[in-house]
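Protein chains: 2
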Amino acid sequence: MREPGRPDRDASRAAAASSDARRAPASDPVLRNPRSDRVRQVRALAGRSVRQRTGRFLVEGPQAVREAVQHAPGRVQDVYLTAAAADRYPEIARGAGDAGLHVHEASDEVLTAMSADAQGVLAVAETWSTSLSDLVDRPSGARGPRLVAVLSSVRDPGNAGTVIRAADAAGADAVVLTTGSVEPFNPKVVRSTAGSLFHLPVVTGVPVEEAVSTLGAAGLVVLAADGGGARDLDELADAAASRRTGTGTGTAVDLAAPTAWLFGTEAQGLSDAERGLAAATVRVPIRGLAESLNLATAATLCLYASSRAQR
Amino acid sequence: MREPGRPDRDASRAAAASSDARRAPASDPVLRNPRSDRVRQVRALAGRSVRQRTGRFLVEGPQAVREAVQHAPGRVQDVYLTAAAADRYPEIARGAGDAGLHVHEASDEVLTAMSADAQGVLAVAETWSTSLSDLVDRPSGARGPRLVAVLSSVRDPGNAGTVIRAADAAGADAVVLTTGSVEPFNPKVVRSTAGSLFHLPVVTGVPVEEAVSTLGAAGLVVLAADGGGARDLDELADAAASRRTGTGTGTAVDLAAPTAWLFGTEAQGLSDAERGLAAATVRVPIRGLAESLNLATAATLCLYASSRAQR
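Residue numbers (the numbering used here), protein chains in the order written: chain A, 1 to 311; chain B, 1001 to 1311.
Hints were generated in silico from the structure; no laboratory data involved. Take these hints with a grain of salt, some might be off.
Said to hold, decoys possible - Now the in silico label distances, taken between C-beta atoms and shown as ranges:
#, chain 1, residue 1, chain 2, residue 2, range
1, B, Pro1285, A, Arg138, 22 to 28 Å
2, B, Asn1033, A, Arg48, 36 to 42 Å
3, B, His1071, A, Ala142, 50 to 56 Å
4, A, His71, B, Arg1053, 46 to 52 Å
5, B, Arg1155, A, Ala273, 38 to 44 Å
6, B, His1071, A, Ala44, 45 to 51 Å
7, A, Thr54, B, Gly1205, 45 to 51 Å
8, B, Ala1252, A, Ala267, 42 to 48 Å
Don't be surprised by glycine CBs; every beta carbon is placed ideally from N, CA and C.
Take these sequences, add in the hints, and give me the full structure.
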């Protein structure tokens, strides 16, 4: 029955009711109070100290939530959707329902109060940690990691997230964020990964020396990406291609071997000590006048060159 | 002579005086009033309408200003440096002096009031425009463009700037920002280019159809980068490498030919009509679970694959 004067509210309720079956129990009310305790608690997860105290973090936007629900449903605690987003991304509510997750319908005001970057879709998930030994200690016969990106003290969340996404796309087995790096559950990191945080292991809290020695012991060659590197990435790629077609004479650094790439910060790059940890320093060729590449783009070229050589 | 009670101010004046010779006439006072008309006018250049009205824009930070002074001194109107930045980056004041540019010493407060992103170094420069015909109409015998990046309606300034930087590093001849794209003098674009805005032509204000037809008429093959592209970038790179070593059988799309790459937005990609303008659609291979790559990283891989094939 329509109440005169409140047609929009009624229409919205009717629409919500019609899709309740696939989203939440019919008795579950639409969340409409942007000043509720729940909204306050979700919003507070933007802060690092709250994430560390509660062990929970924000997953913002349709792409990230879709990947979380599909690839790590056991870590997702709650999914929040506006009615419009539920209609636009039916696969999210469906996937969440299939995984037995609780999906809350919320008003636009509530979603916006929870996060300014959610585009109508938000999840709260539990943080986790992956250790280096989780990565390298494989059951006998299982394949060990063949391509790993190690980010040394990378503070910029957009750079860290974009490298995690590129590492995923290149088919890398893991990313290591060394001690002093931005934490992977920072909302900007999560957004920049575009869901890749849920696709491959991200190891945290390891000093760079330990990361390099453990990965080296596991049989990976450590290459340091450096603007002033001694070896040229193209030269290594050419050598790997020649070796593959049987026409080459080889070079000491084999891009097709299991490899851990070590990347420094955008501003400072790697320290002398860090470069000294690597079997070789490798530069991306610069053919124009640019002084350097952005960290994420340089890392993408290195990781793709390795994965191409490893095909 | 020291005035008791103002040692810091005196020390700073003495330091300024000692380096006046290479920075500005001895009579030129240090700018100390963060509320002056000059400061207000410089800061206003962060706004698009003011840039369009005045034909001037902000160049923020040591790397961008260094490249502007070195590669486009005729476009730089004023350089502003704090005393600390002048000591840290002596090559900037020296380069500006060699180019006959006016270098102003300013207090930290003044620099910060002019821009929050200047790190003590700022320039004001004149905007310019480059047309497609500037790019393709070469004197008889001169080499035409061999590698061009065309960004269709890219609004995100960080993405646009990072692609300009990567295009420069890959040795591309130009970048085209089609109608509807972010303007290249937006401060975030300028910062993301890390000086590359002053290294290669950036053509603006051209509809994508006109860009493609003009570049095609100039002999460039147009390739559309697309996640669902019909051709695989690795396959094209392999074919180009085989052709180079004389072992390959060739493929219809030659990555070593003069090429214009067409890139769409991060969110929407290219439209059907835009894809239809290209000789082929090309996908970057995704080996992991990622759905796609960030625009700037995908563009970097495409441009580097071309420049590698064109060596």
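Taking the hints in turn, this is what the structure says about them:
no., hint, verdict
1, Pro1285/B with Arg138/A: 22 to 28 Å, "holds (26 Å)"
2, Asn1033/B with Arg48/A: 36 to 42 Å, "holds (38 Å)"
3, His1071/B with Ala142/A: 50 to 56 Å, "holds (53 Å)"
4, His71/A with Arg1053/B: 46 to 52 Å, "holds (50 Å)"
5, Arg1155/B with Ala273/A: 38 to 44 Å, "holds (42 Å)"
6, His1071/B with Ala44/A: 45 to 51 Å, "holds (47 Å)"
7, Thr54/A with Gly1205/B: 45 to 51 Å, "holds (50 Å)"
8, Ala1252/B with Ala267/A: 42 to 48 Å, "holds (44 Å)"
When each numbered hint is compared with the structure, no violation occurs for any of them.
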